[in-house]
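Protein sequence lines correspond, in order, to chains F and C. So for the first sequence, my numbering puts the first residue at 1; every next one is plus one. So for the second sequence, my numbering puts the first residue at 179; every next one is plus one.
By construction, these hints were calculated from the structure, which means they are not laboratory data. Wrong hints could be hidden among the right ones.
Unchecked claim - DSBU-like mimics (lysine-lysine), calculated; alpha carbons at most 35 Å apart, straight line: (1) F:K129 - F:K159; (2) C:K333 - F:K42; (3) F:K159 - C:K334; (4) C:K374 - F:K177; (5) F:K129 - C:K334; (6) C:K374 - F:K129; (7) F:K42 - F:K57; (8) F:K129 - C:K333; (9) F:K159 - F:K57; (10) C:K333 - C:K367; (11) F:K90 - C:K333; (12) F:K129 - C:K240; (13) F:K171 - C:K240; (14) F:K42 - F:K64; (15) F:K90 - F:K177; (16) F:K129 - F:K171; (17) F:K90 - F:K171; (18) F:K177 - F:K159; (19) F:K159 - F:K171; (20) F:K64 - F:K168; (21) F:K90 - F:K42; (22) F:K57 - C:K374; (23) C:K374 - F:K90.
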Amino acid sequence: MKKTFIPFLAVGLAFIAGCEPDRPYPIPDVTDGWAPIYASEKDAYTVSAINPQPPVKAGKIYIKGNLLFQLEDGKGIHVYGIANPAAPTKMSFIAVAGAHEMSIKDNFLYTNNLNDLISIDIQNVADPKLVSRVQGAFRILEQNVPPEPGYFECVDASKGVVIGWERKVLKRPECIKN
Amino acid sequence: MILACSLLFAACSKQQSGAEPNSGSGQGGSLARFTVVGDYLYVVDSRVLYTYSIGNGQPVRKTEQSIQGTTTVETIYGYGNYLFIGSSDAMYIYSLANPNSPILNGQASHVRACDPVVANDSIAYVTVRAGNTCGGNQNALMVYDIRNVMNPVLKKTEGLASPYGLGMRDRMLYVCDGSYGLKIYNITKPLYPNLKRTITGLVYKDVIATNDLLICMIDGGMVLYSYDNTGQYLVEQSRLNY
Chain F
1 MKKTFIPFLA VGLAFIAGCE PDRPYPIPDV TDGWAPIYAS EKDAYTVSAI NPQPPVKAGK
61 IYIKGNLLFQ LEDGKGIHVY GIANPAAPTK MSFIAVAGAH EMSIKDNFLY TNNLNDLISI
121 DIQNVADPKL VSRVQGAFRI LEQNVPPEPG YFECVDASKG VVIGWERKVL KRPECIKN
Chain C
179 MILACSLLFA ACSKQQSGAE PNSGSGQGGS LARFTVVGDY LYVVDSRVLY TYSIGNGQPV
239 RKTEQSIQGT TTVETIYGYG NYLFIGSSDA MYIYSLANPN SPILNGQASH VRACDPVVAN
299 DSIAYVTVRA GNTCGGNQNA LMVYDIRNVM NPVLKKTEGL ASPYGLGMRD RMLYVCDGSY
359 GLKIYNITKP LYPNLKRTIT GLVYKDVIAT NDLLICMIDG GMVLYSYDNT GQYLVEQSRL
419 NY
């Protein structure tokens, strides 16, 4: 009786191990989760002014003189003129992928372009000029995993640079953030 | 720096909320991870403090130092010769005696929470907020006596509902309590903030208190108020993007 049972058990264990190599969680067929947002290398690292944009995810704020700034989380910086605080003017939107932070010294605006530290000459906010870039200056953003725990679509570097994450309905996601 | 302050006493005593009180720099809110002090940019990510010199728009990394502890750093605030760093379980005070290489002077551990800081020479105000991304279960304004920066002493804890950023100017403290409003405290007695009024109707997230404008980050954009330093006069001027 024992001799027949042990081989059977061994086969069973091998089968279980083969199915779930090192994945202590089930893969659902369909679930809510996160997916990377990709951009080309060029789009991810180009700084440019575009027409003022309506805010979608308005972020941190900063003031210098008559210029008021608000981050658009992950996208760039709204610039307003507030010489007359009762009637602000929309001056510019400085598109910077991954931007969440900023500070200014003299005519230079410092911000994060994903995880690069960049400086931008803002003497003319309608025509900002990239001055300097420190690549991989910090890890303000996680580019390999989403901002919150959950299932996510694994990053595929061949699709470009990850510039953000979005909520999405996922089919059989292979990756999870605990 | 002490000498400079003595000579420019009037100017120094006006350095307030989120101040980057150096000629040439602007002013941010209290939720920032970037701050300029003098000719240096200080940056925190979740674990590391980076020091960059920034002459002529050319950042040069000077030092990079791990912040002790195992929790998540969220904010940095510069005042005078100090950096105040808020993490999810402590406030750290770094000396800028050598601006190239900040040195940890003191720290105050508190409940697990999100915690922006504003400070002056003697007092640090910290808000702690509970929640999914912050952990913990306490929502409060905490008042620290920092006359000895090596040993901040918690003097008062004032309950709040859902606090985010905060700012101060002169004898008033402005605390953003999320959907529960903008709370305005008189801090004539700095260790004992006295709630004067609450402005409601918007979801307040952070604030910059300038000479003549109170600028609030709200859900969806910003709101601008003209105001005085008593909390009595506060008039909305405009909303941006709301």
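Structure-based check of all given hints:
1. F:K129 - F:K159: The given pair, whose Cα atoms are some 28 Å apart, holds under the 35 Å limit.
2. C:K333 - F:K42: violated (52 Å)
3. F:K159 - C:K334: It is violated: about 53 Å lies between the C-alpha atoms, which goes past 35 Å.
4. C:K374 - F:K177: violated (44 Å)
5. F:K129 - C:K334: violated (47 Å)
6. C:K374 - F:K129: violated (45 Å)
7. F:K42 - F:K57: holds (23 Å)
8. F:K129 - C:K333: Between K129 (chain F) and K333 (chain C) the Cα gap is close to 48 Å, so the pair fails against 35 Å, i.e. violated.
9. F:K159 - F:K57: holds (25 Å)
10. C:K333 - C:K367: holds (12 Å)
11. F:K90 - C:K333: violated (44 Å)
12. F:K129 - C:K240: OK: K129 (chain F) and K240 (chain C) at ~25 Å, within 35 Å.
13. F:K171 - C:K240: Status violated; Cα separation ~46 Å.
14. F:K42 - F:K64: holds (30 Å)
15. F:K90 - F:K177: violated (39 Å)
16. F:K129 - F:K171: Given pair K129 (chain F), K171 (chain F) is violated - Cα atoms ~42 Å apart, limit 35 Å.
17. F:K90 - F:K171: Cα-Cα ~42 Å, so violated.
18. F:K177 - F:K159: Roughly 21 Å between the alpha carbons, so the hint for K177 (chain F) and K159 (chain F) holds.
19. F:K159 - F:K171: At roughly 18 Å apart (the allowed maximum being 35 Å), K171 (chain F) and K159 (chain F) satisfy the hint.
20. F:K64 - F:K168: violated (38 Å)
21. F:K90 - F:K42: holds (27 Å)
22. F:K57 - C:K374: Within the cut-off at roughly 31 Å; holds.
23. C:K374 - F:K90: holds (34 Å)
Of the numbered hints given earlier, the model fails hints 2, 3, 4, 5, 6, 8, 11, 13, 15, 16, 17, 20; all others are met.
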